[in-house]
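Just so we're on the same page, this note's numbering is the position in the sequence shown counted from 1, plus 240.
Hints should not be assumed to be uniformly reliable.
What the hints assert, rightly or not - Restricting the straight-line Cα-Cα distance to at most 20 Å, the calculated cross-link-like pairs of lysine to aspartate or glutamate (EDC-like) are:
id, residue 1, residue 2
1, 297, 287
2, 293, 304
3, 302, 312
As the list claims (entries may be wrong) - Label pairs and their in silico Cβ distance ranges:
id, residue 1, residue 2, range
4, 247, 274, 35 to 45 Å
5, 314, 294, 24 to 34 Å
6, 281, 312, 37 to 47 Å
7, 254, 278, 34 to 44 Å
8, 290, 250, 39 to 49 Å
If you are wondering where the hints come from, they were derived from the structure by calculation, not from laboratory data.
Glycine is no exception: its CB is placed at the ideal position from the N, C-alpha and C atoms.
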Amino acid sequence: GTNPLDPDDNKINNRNQLLIIGFISIIGFIILYYSLPVVISKIRRGEEYQWIKEGIKLRQQKSDAFVADSTDKIREDVLELSSSERVKDN
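Starting from the given sequences, assemble the full structure and let the hints guide the process.
Structure representation (structure tokens):
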């Protein structure tokens, strides 16, 4: 058997310690499994925000260029109409 005066010889304590270590390991793994992606995404978020800012800036430049082209075209059409009306008036 077992020596009741030797704490290392107590099978119930050894089993309980193994169970506690097992549960703590499983819970620790689950916490890491679900928390690491969040931490990694927060670290990489700056890079993604930079890409988003650049995309917004490019979209704004394209929109500004389109609006400028449209207003130039409208201005040309108005000038053509006004010049053709002048010709009709004369």
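Consistency of beta-carbon spacing, residue 312 to residue 281, with hint 37 to 47 Å:
44 Å, holds
- Query: How does the Cβ-Cβ distance of residue 290 and residue 250 compare with 39 to 49 Å: does it lie in that range?
  - Reply: 60 Å, violated
Range hint 34 to 44 Å: satisfied by the CB atoms of residue 254 and residue 278? For residue 254 and residue 278 the Cβ distance comes to about 37 Å; the hint holds.
Straight-line alpha-carbon gap residue 302 to residue 312, limit 20 Å
Between residue 302 and residue 312 the Cα gap is close to 15 Å, so the pair holds against 20 Å.
Check your understanding: Between residue 293 and residue 304, is the straight-line Cα distance small enough, at 20 Å or below?
Key -> Roughly 16 Å separates the two Cα atoms, so the pair holds.
- Message: Just to be sure I understand the hint, the distance between the Cβ atoms of residue 247 and residue 274 should be within 35 to 45 Å; is that true here?
- Response: Distance hint for residue 247, residue 274 holds at roughly 37 Å.
**OP:** Take a quick look at whether residue 297 and residue 287 sit within 20 Å of each other, Cα to Cα.
**Re:** At roughly 15 Å apart (the allowed maximum being 20 Å), residue 287 and residue 297 satisfy the hint.
Point to revise | Cβ separation of residue 314 and residue 294, checked against the hinted range 24 to 34 Å | key: 30 Å, holds
Going through the hint list in order, the structure does not satisfy hint 8, though it satisfies all others.
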